[in-house]
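S.K.: Line by line, the protein sequences are chains A and B. Each step along the first sequence adds one to the number in my numbering, with nothing skipped, and position 277 is 277. Each step along the second sequence adds one to the number in my numbering, with nothing skipped, and position 19 is 1019.
Accuracy of the hints is not assured; some may be wrong.
Stated by the list, open to error - Restricting the straight-line Cα-Cα distance to at most 27 angstroms, the calculated cross-link-like pairs of lysine-lysine (DSS-like) are:
hint	chain 1	residue 1	chain 2	residue 2
1	B	K1016	B	K1045
2	A	K47	B	K1028
3	B	K1016	B	K1090
4	B	K1098	B	K1045
5	A	K45	B	K1016
6	B	K1028	B	K1045
7	B	K1045	A	K370
8	B	K1098	B	K1016
9	A	K47	A	K101
10	A	K185	B	K1016
11	B	K1028	B	K1090
What the hints contain is simulated information worked out from the structure, not anything from laboratory work.
If you want the building blocks of each chain, they are given just below.
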Amino acid sequence: MIRIANGQGFWGDWLEAPVRLVEQGPLDYLALDYLAEITMSIVQKQKERDPALGYARDFPPLIGRIARTLRERNVKVIANAGGVNPVACARQVRRLAPDLKVAVVLGDDVFGRLEEFLRAGHAMNSMDTGEPLNAIRDRILSANAYTGAFPLAEALDTGADVVIAGRCTDTALALAPMIHRYRWKETDWNLLAAGTIAGHIIECGAQCTGGNCQVDWPSIPDMANIGYPIVEAEADGTFVVTKHEGTGGRVSSDVVKEQLLYELGDPVNYITPDCTANFTSIHLEDAGPDRVRVSGIRGGPRTPFLKLSISYSYGWKATGTLVYSWPDALAKARAADEIVRRRLEQLGLRFEEIYTEFFGYNGCHGPAAKLSNDPPEIQLRIGVRGQDRESVDRFTRELIPLVLNGPPTATGFGDGRPPVREVVAYWPALVPRELIRTSVEVVE
Amino acid sequence: MRIPLSRVAHARSGDKGDTANIGIIAYKPEHYPLLAREVTAERVKAHFGDLVRGRVERFELPNLGALNFLLHEALGGGGTLSLRIDAQGKTLSAALLKMEIEAGEDELAGH
């Protein structure tokens, strides 16, 4: 049996989680997931400003902090912290943890290869809209292929203490140690599907140990010290989801079911670079306190494609808020919204979308909200999006005047006018998998 | 009798681009047929009104006592484009649990 934990569900997750995972109980592998769909464009911009950046900057100091424990307890780390510059990330890790062997997986970054792909006849149409990539060609900021678990396993085979990848799939981080230790083959579909589903369960960190859980949430113990998830994986593809003894949170089949359904599409065809996994084959069983046994998982062959994560500059947006108090909070907020819209129109400003929410009334649930017509306070929240930065900037000056020249009892303007933000959009596309060639390098 | 879905199920929701997913799970496996009968794609679409501009797809996971719904064009453009406070659809799970369903007394017996 090997123990694989996830200590980071996204870049920005709890800094203490990975430290506690290696210190508070037995562990063999620590997986850390840093990349959301849009993170690649952020790190790409950082690399353009400074060629030594372009990776998850929280990662090297974390490894520096836990390096000694990793060595003493022989825990290996697998992370997609490399962003668009895994080698620079590895060098920084080596600087802060010189005793650790560090390997990187390269080849996912295809930003410089898109022209080559287009010339070879790969249109890379958006999987969302069907549009050809040519429509946004001059606005592309980054392009990476989602790579799978086998290159990560190859990196573990070098004896590395820390494996750093760029845009690999989240599930691959947990599957890789199973491939590495149990020598699973590329055609072991059922085993690969089992490891993939184990990865899916733990990839969002504490979301499978009681975080964001709707089952009797007030009774979930000691959330301040919530334990992050650990998979105890067997060579036959069965595994137990658990957490370190003495930590807070809860692992039960109800909790695991919620996470299994998180961001799920067609449950019969969960497609990854490694296999397709069938979520309707999963058998769950409560096996003692904070232990859920998972078995029966079946999978199928991987597809001939890899998915690209392409980001591009889309336009600009801004969202501003004002708060109105009782009485008539909602009516005042509605009136203020009307006024802002009329003033924007009089200025001749055009936006792709103007969107208003009455927070405290229908912000979260929209038409499905349970409506009360006399709430004690309402936050008016107006957002605009468009291609013209100046128009969006002008909008941000139209809210605060309402404090003096609109309906009464407006407040909540202390932070000044809202910032104008660039909208970087996401363009998923498929390419034949043989176009992507990964390699493993040990970084000295 | 009319009961809110929350009496027999819990849920989690998330996003993939402009598509929201909501998984609903029966607290008790014996209530799965009730979910499967009552919580149709059409009713989910109607429950959310104009919040969902596209279609609603439903997938069945009887092994987990669960249904998975994909709500297309439901997040105001999705991801970074969306102007909504809940651009990732994190709270849509709770919104769906407010939906009322029709359940027989015998179906709820023992609950």
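S.K.: It remains to establish, for every hint, whether it holds in the given structure.
M.R.: So, going through the hints one by one against the coordinates:
| no. | hint | result |
| --- | --- | --- |
| 1 | B/K1016 - B/K1045 | 18 angstroms, holds |
| 2 | A/K47 - B/K1028 | 51 angstroms, violated |
| 3 | B/K1016 - B/K1090 | 12 angstroms, holds |
| 4 | B/K1098 - B/K1045 | 14 angstroms, holds |
| 5 | A/K45 - B/K1016 | 23 angstroms, holds |
| 6 | B/K1028 - B/K1045 | 25 angstroms, holds |
| 7 | B/K1045 - A/K370 | 17 angstroms, holds |
| 8 | B/K1098 - B/K1016 | 23 angstroms, holds |
| 9 | A/K47 - A/K101 | 24 angstroms, holds |
| 10 | A/K185 - B/K1016 | 30 angstroms, violated |
| 11 | B/K1028 - B/K1090 | 24 angstroms, holds |
Going down the numbered hints, you'll see the structure goes against 2 and 10, while the others check out.
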